[in-house]
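Take the given structure of chain A and dock chains B, C and D with the ligands to it, following the hints.
One-letter residues, chain by chain:
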Amino acid sequence: GGEAATNDSEQTLRFGLSAEPAVPIAGMSQGGAVYQMQAMLSSGLMAYDAKGNLQPALAESLEQPDDTTYVFMLREGLVFSDGSPLTVGNVTKTLEYYRDPANGTKVGTGLAGIESISDDGDRTVTVELSEPDSAFLHYLAIPFAGILPDEALTPGAESWVGAGPFELTDFQSGVGATLKKNDDYYDAGAVDLETIEVTFYPDGEARTNALLSGDVDLIEYVPWENFERIEQADGFTLDAQQGPFQYVQFNVTEDRPFADPLVRQAVAFALDRDNAVKAAFQSNGEPLAGLAIAENDPAYDPNLSAMWEQDVEHAKDLLAEAGYPDGFSATMLTTSQYAFLQDTALSVQQDLEAIGIDVTLDAPDWSTRVSKGNGGEYDLAVSGDTGVVADASYLLSWVTGEKTFNVSWGYENAELTDLIDEGLRATDDAAKHDIYQRLAEIWVEEVPIAAIDTRSQAYAYRDGVEGFATLPGMLVFYSGYSIADTSVE
Amino acid sequence: MASFIVRRLTMAAGLVLLVLTLIFAALQFVPGDPAVLLLSTGTGGAPSPEAVERVREQLGLNQPLFAQYAQFLGGVVTGDLGESFRTQQSVLQAISERLPRTLQLVLLGTVLSICIGVPLGAVAAVRGGWADTAVTALSSIGMALPVFVFGAVLILVFAIALGWFPAGGYVNPLHDPVGALASMILPATTLAVGFSAQIARMTRSSVLEMRGQDWVRTARSIGLAPLVVFRKHVLRNALTPVVTVVGVGFGVLLGSTVLVERVFNYPGLSSLLIDGVTNRDYPVVQGIVIVIALMFIGINIVVDLVYGVLDPRVRRS
Amino acid sequence: MAVYVLVMLLVTAFAPVLAPYDPIEQNIDARLVPPLSPGHLLGTDELGRDILSRVMHGAQVELFIALGATLLALVLGTLLGIVGGYFAGIVETITMRLIVDVILAFPPIVLALLAVTLYGQGATTLILAIGVLSAPLFARIAYGQTLSVKREEYVDAARAFGAPTPVVIFRTILPNISAPIIVQFSLTIAAAILLESGLSYLGLGVVPPAPSWGSMVAQGQRYLSTDPHALLVPGAVVVVTILAFGILGDALRDLLDPKAKKRS
Amino acid sequence: MTHPLLEIDRLSVEFRTGDGWKRITHDVSFDVAPRETVALVGESGSGKSVTAMSILDLLPSGTRRVGTIRFDGGDVLDLPEREIRRLRGARIATIFQEPMTALNPVYTIGSQLIAALRSHRELSAAEARTRAIELLGDVHMPAPEEMIDHYPHQLSGGQRQRAMIAMAISSEPALLIADEPTTALDVTVQAEILDLIIELQGRLGMGVLIITHDMGVVADVADRVVVMKDGRVVESCETEQLFRAPAEEYTRELLAAVPHLGQVSTVLTSSSERPRAEGVTVETAQPDAVLRMDDTVIRYPGRWRRPGYQAINGIDLSVSHGEIVGLVGESGSGKSTIGRAAVGLLPISEGRLRVRDHEITGRGRRALKELRRNVSMVFQDPASSLNPRRTIGQAISDPLLWHGTLRDAHRRRTRSQELLEQVRIDPDWVDRFPHELSGGQRQRIGIARAIATDPVLMIADEPTSALDVSVQAEVLNLFRDLQREIGFSCLFISHDLSVVETLANRVVVLRRGEVVEQGPAEQVLRRPRADYTKHLIAAAPVPDPIVQRRRREKRTGHAGLRVGTESVEHIHDTEEGHRS
Ligand SMILES: Nc1ncnc2c1ncn2[C@@H]1O[C@H](COP(=O)(O)OP(=O)(O)OP(=O)(O)O)[C@@H](O)[C@H]1O
Ligand SMILES: Nc1ncnc2c1ncn2[C@@H]1O[C@H](COP(=O)(O)OP(=O)(O)OP(=O)(O)O)[C@@H](O)[C@H]1O
Ligand SMILES: [Mg+2]
Ligand SMILES: [Mg+2]
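Chains as they are written, first to last, in this note's numbering: chain A, 1 to 489; chain B, 1 to 317; chain C, 1 to 264; chain D, 1 to 580.
So here's chain A without its partners, still in its complex pose (with noise of 0.2 Å):
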């Protein structure tokens, strides 16, 4: 490739990220970091366009015979950019390996409906579902289940090579890292961008800076309190995109006030959304009173994110009915390492001494509000999190009963897990639709997480960056995506 380079030889960009990126895990979710460098230095069988649609990449093709069969037709001459060739071989062992719950892989999930993988020895690769799977094709997109070489397939090995756009030329552990063009790269010729300088900047307000003097051409994850700014600035473009939801998990164990789905109710019922909205995200963000789900998604519709209005009154009679007529106390974890997260938790705090639960925060340094999490040290909990697909299947994960720090502490509903599987399986819209209607029915009752808002996440960038855009919704983090189309003067 190169022609369409030719034009405009030596581009640089200049990236500023939140994060300085951990080494990279076959398969695994590592943050907002990780998902930027994997989108730009790796490439799946899938992948998402600007507007946050699927398409092929690795895969020149697919084709689909049945419901639960997918065959991908790979491109010609696909090349790891440390040159070696990536062959349907090496589809196979990475599919087979995200697949293998034994590595433990968060893509895994995502596959484990695979029945077979199998390949010509040429360019075809044939995937076997024992069920139909909508959101299968999705996972093969996000950026934690590009095509690997053998060597990143073990355990803990690290996995900076791929098939992407770029190859990691530098790294230097706290400030950076050097990107170049991978002319290897299948669609070498639309990329503009001979380099990308990255930049860590952990700090919010460090990063804005860095954009607004110049230092940096991009940035990413732009702080809330730093959205006006930078629309207010001369030559700079916020692009900003609903993104992640935050919600109240809760400790349901046994002998727990919240244990009781009233009492759940009540807390769904008495939160101020609004208030919530203004208080963490300076109004960058919209009230959620139920499930987030992608406008795409044939689950979608209105009522389904409008589930409890808020009703101080009618908590409170919740409350009573539950037997806490005068409320109860109660200590809510939450995290001093995000602000977002810590206001977020005040304006609940406030929400729920409304009705009687008098809240005491704890507010941890981020690991160990992990840790606490994990080990079920509270009654309540704040949490920002998003699906690791757009699909709403990405519910799963809160209804299962498995105990880990973004989920409501023991809270298991095989009802509501059947009905997600089932959204999975369906292969018409309308059916979907009809089941995530059920489902609402059951959630609002149940209130496994109770959902406050969905929040803004902004991408920042001077005029002369072209042809780069924040994914929506639950893909916004992998933005990174758009940075092959993406040039500067």
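Since the hints were derived computationally from the structure, they do not count as laboratory data. The C-beta atom is built at its ideal place from N, Cα and C for all residues, glycine as well. Among these hints, one or two may not hold up.
Restraint-style ranges between C-beta atoms, simulated for each label pair [claimed, not checked]:
no., chain 1, residue 1, chain 2, residue 2, range
1, B, 174, D, 130, 44 to 52 Å
2, D, 66, C, 251, 28 to 36 Å
3, A, 400, B, 66, 32 to 40 Å
4, B, 172, C, 251, 46 to 54 Å
5, A, 62, B, 62, 40 to 48 Å
6, C, 251, B, 174, 45 to 53 Å
7, A, 331, B, 161, 38 to 46 Å
8, D, 405, B, 309, 41 to 49 Å
9, C, 75, D, 408, 26 to 34 Å
10, A, 77, B, 49, 34 to 42 Å
11, D, 204, B, 236, 30 to 38 Å
12, B, 176, A, 116, 53 to 61 Å
13, A, 400, C, 14, 50 to 58 Å
14, B, 179, C, 14, 54 to 62 Å
Selected chain B positions facing chain D (Cβ under 10 Å, derived; list incomplete) [said to hold, decoys possible]:
no., residue
15, 127
16, 213
17, 218
Same frame as chain A, but now just chains B, C and D with the ligands:
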């Protein structure tokens, strides 16, 4: 003197061992599993237990504590501080990259602080009256300004509005001395604000103490110029507590430029440390603590030697 | 300035009565209201809480933390330093090396984190953490000064006249090394407030929503470019307070200096 | 007649106090001509030092001067600081009363001397050092090449004083103000230093204002004497006339109080009547010795790796119950060292040291504690041995508290006041701080502190060196009373042989860390056996100008060293001619 240093260095070895053990033990108490954190940063969902187990094995965290401790000590003795859990970089290498940067910054900050603080304090003591009041007020403001506020203001004014200096970052002085200086001026100034205020206050008090001594009268009586009298017979004698403040302050700065490094996105030792702490990257934290402990011991030896230089009565035999 | 300190102490004592609002009551519709607005003399913060009320209640928290920590550091540090400086040998090794140097060798942030994780967030932890962190400086100052002062002939005189060792240390040496220690006392109060603020900035400070000046400053910093008052108001209070303690410290120092007595 | 070098006319010095300005001296007037030596004598605390310091505006802050001071015809009272600085050191040099605190502890005496030398003359560093060594030699500093690199705290009292003198004369000034310049010097060195000053005076036409309480020194060097009392000049006349026919009552009292070596003082009882413990035989070591040193060696540790200095080379010495032993000898011979060792402030390196029944050889801490209940000490340097942050009342009564003798604060205060009265200090001053006192007053605080505890043994290191003779006489009486009443023993270190003679039962003569001679006072002082002792006695100044002149003539070999007043005028004229 040689024996003094030898004695102190032997003691230093014991001290480092103690610090090592303490930090090792302490980290075991801190909640947060490095493996979990390695697999889930930010708000990115939870890793599977299998994955966590694998990573724990990888990092050697599933070995018995004593084995970990022995291994750690063994490593330290052979000069191997292990590898970062997170970046898999050799800790020694990471530190040797970061330490010089922080040293540069802290040294520049300290020099600035001394150059500002000592004269200000001296003037306050000698002039008294409004000068004293002004210095007290100034130093109070200096001490009250958190670095993250003062730093932010400096960036707004000098980096964004005026564009004189970069808003942050690090430039290797070996590659670009001018750029390096430019990038260090704002953070070093930020460090110097509070530090020079402290130095000024200590200098003021100490100078007042020495001014009334009889030998100052003697020095005046032989006709020395007031400045000479002041420098050689007041200030010099007044410096012991100031040296303490500078010495300890310097050491403390080494381990606590966290905020400055953060505001100015300066990739120094402290940000490595704070990352290490937030990610429970034990090898990194332990490594840095060792290095800082060593530096501190060194500084203390120097400070104690300087006491001896400043006051011969203190010298040891 | 003495008046200021008095006023502050009064405010501290009567904050619940004097403050116009509940310091933790949010009113998000009136968020970041500038000072001198009707109803909010000093404006509101990002959650619409009345800054004046928070500052008043914060005085309580702050003085408790800053004074508590500083006193702890003063007592602990001076004791270690003076004892270490007076006795050579094993006592010096234990106090100055094993205790003081080890504390110093721990980066503050690690120590603070340890304290917070082991004792939980809150004022007591902060007092402990900041107190222990600040003690070494007192110790080093006391140590250095003691090394000089103990060679003075009047110390010999006290010993020759049979002063028991504690008397030599605390009645003879201590007053003569008091000047830098007093100054350090007022410096440490400032440092404690700053440290508290820094720790809040890093999320290791007081438990929200309790108001402390340090956490107010740390929070306000986020709105520096858009709504500076959220930072400036608590910041100014901190400045004036530190100034007051500074002046108080200097005055005390001058008062205890027999030669400076007639100056004022 | 041309104007004198220094004219002080109705000068008063005022101190700022809580209630306004308080006058310390009142309308002091006197002159000093070139080549003339004027002695300022008088009561301790009468304002001599204050007057001397006011000339160059070296008073502490919070003081002011009223009146006129002219130097070389020009008014210096209103001179700007910059102009006065030109005079300081260069034309007017000052020797301060207390040499310990007057030297900066952090510089070697050499570097302080070199700084003085170079502040007025263009000298290379090497030249200055050479000159500094010369000067130290001139003031009879032993081993000047070595001593130049010593710090003040490593010197003996007299050595410090000599360093101070060397600094003052280094610039060869026109006027030398010497405030008690020889208090810490033994008489031989004192004589040599005075010779040196007179020699300089002859060579440079220097005027000298010397403050001293030693009437022998006055008789020896002064042309004229100004007597002060209570801040006022009470008498001012030619030296010989003063001694021959003192006009004022106070002066007469003063002269009467002067002890004469070899003549038993009229004020005190004769030495044969001195109380002495029964059965005391002088030569052998007594069984009831309160202090006993056997073959004792005391070494100062060397700096870094250098060898230490052996100050006491194996001496035997004892003080028995009820006995006052005078310890005299060369400056730097180790007198203070012995004293400090006796109270346990210095470890002894070899031999034995017993106080009462306690062996304090080595590290017997418990013995030390017991020891200190019964032993007290007057330190040689009163200024540095008083805690600047304790009032004098506290300083005196603190030992009572420490020993548990008097725990009640009020009664301690009363006791301090009694003690103050005993040493002739206004009891109302009990709340003053040491720096508010004169040198002699501070010294008396040291004495009061030492007697407060009714000690069994007292080490008195030059306890009266800064006292005028009348106060000195009272203090000596006090000692004798104590000896009689409580049977106390005393090691009395002094260079003033006449004082030793009046007080001591026995005398020990020390030189270079060794005992040269010891025996009953009369015997050692009247029939000395050792050459050094003879030398010492010969050098002791006699409070009689005529005798002194004769002795000086004999010593220096010619009479014309000191020039009469007529010739002073003559020289002054010619000098004036040169200058214009
Ligand atoms: N700290 C010290 N270190 C080294 N040498 C010392 C120290 N103190 C005193 N010396 C030396 O020991 C010798 C004896 O000193 P000491 O003070 O006992 O003399 P002294 O007889 O009291 O003299 P003076 O009459 O001048 O006071 C002197 O030569 C002095 O230089
Ligand atoms: N800083 C001061 N504050 C108050 N009074 C002082 C101060 N310094 C000296 N005096 C007083 O001034 C008087 C004169 O002191 P000065 O030092 O001149 O006495 P002196 O004649 O030199 O006595 P001595 O022979 O004892 O040295 C003394 O009564 C003393 O108490
Ligand atoms: Mg005097
Ligand atoms: Mg002596």
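**Violations among the numbered hints, reported as their numbers in ascending order** = 15
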